[in-house]
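> Sequence:
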Amino acid sequence: MGIYTMEFLVFSDVHYYTNPSKSRLLSDGTYSWLNKQIEITNDICTYAEQHNINLIIHNGDLFEEKNRINVELYNRIWEFYRQLSKRFDIIFNMGNHDLYSLKDSSLKPFSDIVRLIEEPSSLIIEDYLLHFIPFGQVQSNLPLPKSSCKRNLLFLHEEIAGLKFGSTDHSSSSPINYSLLKEWDWVFNGHIHRPQNFANIINIGSPMIQDWGETGELKRFIHFDNGKINSIDIDCPKFITLSSLSEIDTINDTDYFRIIISPEEADHEIFRLYNVFPNIIKSRKRSQRLKESSSSIEEDIGEYINLKAPETLDKKRLLEIGLSFLK
Numbered sequence: 001m002g003i004y005t006m007e008f009l010v011f012s013d014v015h016y017y018t019n020p021s022k023s024r025l026l027s028d029g030t031y032s033w034l035n036k037q038i039e040i041t042n043d044i045c046t047y048a049e050q051h052n053i054n055l056i057i058h059n060g061d062l063f064e065e066k067n068r069i070n071v072e073l074y075n076r077i078w079e080f081y082r083q084l085s086k087r088f089d090i091i092f093n094m095g096n097h098d099l100y101s102l103k104d105s106s107l108k109p110f111s112d113i114v115r116l117i118e119e120p121s122s123l124i125i126e127d128y129l130l131h132f133i134p135f136g137q138v139q140s141n142l143p144l145p146k147s148s149c150k151r152n153l154l155f156l157h158e159e160i161a162g163l164k165f166g167s168t169d170h171s172s173s174s175p176i177n178y179s180l181l182k183e184w185d186w187v188f189n190g191h192i193h194r195p196q197n198f199a200n201i202i203n204i205g206s207p208m209i210q211d212w213g214e215t216g217e218l219k220r221f222i223h224f225d226n227g228k229i230n231s232i233d234i235d236c237p238k239f240i241t242l243s244s245l246s247e248i249d250t251i252n253d254t255d256y257f258r259i260i261i262s263p264e265e266a267d268h269e270i271f272r273l274y275n276v277f278p279n280i281i282k283s284r285k286r287s288q289r290l291k292e293s294s295s296s297i298e299e300d301i302g303e304y305i306n307l308k309a310p311e312t313l314d315k316k317r318l319l320e321i322g323l324s325f326l327k
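So for the sequence shown, full-length UniProt numbering puts the first residue at 1; every next one is plus one.
A few of these clues could be false.
Claimed, not checked - Heads up, simulated DMTMM-like pairs for lysine to aspartate or glutamate below, C-alpha to C-alpha not over 25 Å straight-line:
id, residue 1, residue 2
1, Lys238, Glu64
2, Lys282, Asp249
3, Lys182, Glu126
4, Lys22, Glu65
5, Lys238, Glu7
6, Lys228, Asp43
7, Lys86, Glu7
To be verified - Computed spacing ranges between beta-carbons, pair by pair:
id, residue 1, residue 2, range
8, Leu102, Ile38, 56 to 62 Å
9, Ser174, Ile229, 21 to 27 Å
10, Tyr274, His51, 50 to 56 Å
11, Tyr274, Leu218, 21 to 27 Å
12, Asn197, Leu245, 38 to 44 Å
13, Asp233, Cys149, 29 to 35 Å
14, Tyr178, Asp43, 30 to 36 Å
15, Leu180, Asp225, 22 to 28 Å
16, Pro143, Ile270, 53 to 59 Å
17, Ile281, Asn197, 34 to 40 Å
18, Gln196, Tyr47, 20 to 26 Å
19, Ser262, Val138, 46 to 52 Å
These aren't lab readings, by the way, just hints derived from the structure by calculation. Everything numeric in this text was worked out from a predicted model, so none of it was measured. Quick reminder that beta carbons are idealized off the backbone N, C-alpha and C, glycines included.
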């Protein structure tokens, strides 16, 4: 490990993915979505270099997929971090997307180039204790370990009671709550993509908006500077809902657009663009309700299922059953 002042950057839930349904396939064979994710990561590393920061932490969910990761994608990200490891000391905590069983992780090959957290473990830097707990291993590991350090920092990838997610401000009722975490000076959490702070809990959020369920969220990474929390905004593509085809002159090549249309308008040529999608409705009354909401009911239910449902369940089927009750 390198020589530190007590500064680090932490980001989380990057979910590297080609995402063909929301990408352009470029002439070099790469996908625009993945390229943007890598560009954002490079921007974070550039910030680190500009501020003489040696330590970068990713707090879980490196890849979108768990056990069917595209080999070309995997090799590209591994090589990307191999090059970064020549410039920085890097720590990977493990999230739920990094595990395909309780102990088996897709990230094991990264252990040669980064410090991979596979079980609860601590690192002491200067007079600070950094304690990492991978997803699903909180059990009896939440209490503050015996430590003579001046400050104690905890890194989790869990759902924590009181944190909100989804455009409807659903509040988590997780058994992991503030009373179990209050002894820590700061708790840096991943898993929930919506950036937010609650008491001593810094829910980092994801670095890139994934869909219309995250519309309006200001994405960020965290610069920890000798006890000071700096939230650094990330410039990423936005997800925008347009009320009709009359607004298509606002469409650009960077952001993603969903247009409320009638069934008769579904063959419009605008929907040939990779970043423009139809939202077909049957009445203008329904249109007004959608205009007032930044995400669909389907997206909100889907996000809730992803957070709450056990990994053994067929989440796609569960979503279908849930939506059937709303018809």
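> Each hint needs a verdict: does it hold in this structure or not?
To see whether the hints hold, each was checked on the structure:
no.	hint	result
1	Lys238 - Glu64	holds (19 Å)
2	Lys282 - Asp249	holds (24 Å)
3	Lys182 - Glu126	holds (22 Å)
4	Lys22 - Glu65	holds (16 Å)
5	Lys238 - Glu7	violated (30 Å)
6	Lys228 - Asp43	holds (21 Å)
7	Lys86 - Glu7	holds (18 Å)
8	Leu102 - Ile38: 56 to 62 Å	violated (30 Å)
9	Ser174 - Ile229: 21 to 27 Å	holds (22 Å)
10	Tyr274 - His51: 50 to 56 Å	violated (35 Å)
11	Tyr274 - Leu218: 21 to 27 Å	holds (25 Å)
12	Asn197 - Leu245: 38 to 44 Å	holds (40 Å)
13	Asp233 - Cys149: 29 to 35 Å	holds (30 Å)
14	Tyr178 - Asp43: 30 to 36 Å	holds (32 Å)
15	Leu180 - Asp225: 22 to 28 Å	holds (27 Å)
16	Pro143 - Ile270: 53 to 59 Å	holds (56 Å)
17	Ile281 - Asn197: 34 to 40 Å	holds (37 Å)
18	Gln196 - Tyr47: 20 to 26 Å	holds (21 Å)
19	Ser262 - Val138: 46 to 52 Å	holds (49 Å)
Of the numbered hints stated above, those contradicted by the structure are hints 5, 8, 10, listed in ascending order.
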